[in-house]
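We have chain A; now place chain B onto it with these hints.
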Amino acid sequence: MSVIKDSGHLFRLAIVFALGLVFFIGVRSIFVPKTFGEYGHFRGAAIADIAARPIAYAGRQACEDCHADVVQKKNSGKHVRIGCEACHGPLAKHVDDPASVQPEKLDTAVLCVRCHEANIAKPAGFPQVKAEEHSSGLACDTCHQPHAPSIVKGAGQ
Amino acid sequence: MNITRRHLMLLLPAAAIAWEHVLAGTPEKSPNYKMSEHWWSMLIDVPKCIGCGNCVRACAKENDVPEGYFRTWVERYHVADWGFENPVVDSPDGGIHGFPPSTQTGGKNFFIPKLCNHCVESPCTQVCPVGATFVSPDGVVLVDKEYCLGCRYCVQACPYGCRFINPKTNTAEKCTLCYHRITKGLTTACCENCPTGARQLADLKNPQDPIHEFLRTHSVQVLKPHMATNAKVFYNQLDGSVR
Numbered sequence: 001m002s003v004i005k006d007s008g009h010l011f012r013l014a015i016v017f018a019l020g021l022v023f024f025i026g027v028r029s030i031f032v033p034k035t036f037g038e039y040g041h042f043r044g045a046a047i048a049d050i051a052a053r054p055i056a057y058a059g060r061q062a063c064e065d066c067h068a069d070v071v072q073k074k075n076s077g078k079h080v081r082i083g084c085e086a087c088h089g090p091l092a093k094h095v096d097d098p099a100s101v102q103p104e105k106l107d108t109a110v111l112c113v114r115c116h117e118a119n120i121a122k123p124a125g126f127p128q129v130k131a132e133e134h135s136s137g138l139a140c141d142t143c144h145q146p147h148a149p150s151i152v153k154g155a156g157q
Numbered sequence: 001m002n003i004t005r006r007h008l009m010l011l012l013p014a015a016a017i018a019w020e021h022v023l024a025g026t027p028e029k030s031p032n033y034k035m036s037e038h039w040w041s042m043l044i045d046v047p048k049c050i051g052c053g054n055c056v057r058a059c060a061k062e063n064d065v066p067e068g069y070f071r072t073w074v075e076r077y078h079v080a081d082w083g084f085e086n087p088v089v090d091s092p093d094g095g096i097h098g099f100p101p102s103t104q105t106g107g108k109n110f111f112i113p114k115l116c117n118h119c120v121e122s123p124c125t126q127v128c129p130v131g132a133t134f135v136s137p138d139g140v141v142l143v144d145k146e147y148c149l150g151c152r153y154c155v156q157a158c159p160y161g162c163r164f165i166n167p168k169t170n171t172a173e174k175c176t177l178c179y180h181r182i183t184k185g186l187t188t189a190c191c192e193n194c195p196t197g198a199r200q201l202a203d204l205k206n207p208q209d210p211i212h213e214f215l216r217t218h219s220v221q222v223l224k225p226h227m228a229t230n231a232k233v234f235y236n237q238l239d240g241s242v243r
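From first to last, the protein sequence lines are chains A and B. Here the first sequence stands for residues 1 to 157, numbered as in the numbering used here. Here the second sequence stands for residues 1 to 243, numbered as in the numbering used here.
Bound conformation, chain A alone (with noise of 0.2 Å):
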């Protein structure tokens, strides 16, 4: 019986240890978040956070459930598969509330310069042109509808 006698020093040390682990895995159970873990070596409720930011663009879809006028002009020239807010910009707050929400107006001026100003980089095929020389300071929707942009010979003149 000396041996378990002696040994009491051991069965303090083992509490300490055993204390110092119930501590640890009740730290360690506050800190770390419930969903650490769950689809690897991170917070799964993270995805869900980023998931969660509302939005700015709405979408092409959502604007042809309202403007099917504009949707049927706009099937009849060059720009169908442009989506419309490439043009009139983030517009989910007006899809949530059309009558407070307006898009801005915008300026062909600058617009379709973007995308149509002349640059050696461009694909040789896509329409450029250097707008001062084609239209010498006038508004591009003087002459070109930006829905359906090509000339018909006659129609304009």
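Any given hint could turn out to be false.
Claimed, not checked - Once the Cα atoms are required to be at most 16 Å apart in a straight line, the calculated EDC-like pairs of lysine to aspartate or glutamate come out as:
(1) 184(B) - 49(A)
(2) 224(B) - 121(B)
(3) 34(A) - 146(B)
(4) 145(B) - 49(A)
What the hints assert, rightly or not - Over 10 Å on every C-beta distance to chain A, these chain B residues come out as not near it, computed from the model:
(5) 2
(6) 39
(7) 207
Just so you know, these hints were derived from the structure itself, not from any lab. Backbone N, C-alpha and C define an ideal beta-carbon position, used for all residues, glycine too.
For chain B alone, kept in the frame of chain A given last:
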């Protein structure tokens, strides 16, 4: 209404279950979206890019990207008739205001849009000391800004230079592939606003996605394949001089 002991016995377990849900955090925002059914990537059709900068502007507006920093940007390449190894690259303000007329003449000229390549073997997630950045189960490299220390390890690790430290939050930031949009069934802000279709979001797990036929029938490359990052942004007809 009097709550009898019988009612209380019925209500307590229900309340306990409800409390579990409260503790579990906010419920999933997109109930029809299953992460395991998607594997996101992007296709860049280089010959279609006109360098208008619409993608850069759209990205900045959609994601509140601070001025002077870019989650996506456009580069203009000039490859002289000889001098393939040393292309002249410029990207004024990341192309957010488009590109001024080039001073270069001759040679080969083209635009290259760049963004996070959403690598499968992403060097940036491997170096994160705290598990703040990760590849999501649907293949998007994301940053948990609540966990990020701002130690800049990942900024250094990215071979494509796609990360930066947001000066306001002091945390790492990068392209999320508009994770808040694609989980709602929308496309990314840059793809939505690309006028020529040079950028297309693609889902490699969707057998109906046109990406599969495109990859099969076109000459498609990724950036820096020698880094073995298994990048998922595919460039059609990529010039060999692009770094």
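Tested hints:
no., hint, result
1, 184(B) - 49(A), "holds, 14 Å"
2, 224(B) - 121(B), "holds, 13 Å"
3, 34(A) - 146(B), "holds, 14 Å"
4, 145(B) - 49(A), "holds, 10 Å"
5, 2, "holds, 37 Å"
6, 39, "holds, 14 Å"
7, 207, "holds, 23 Å"
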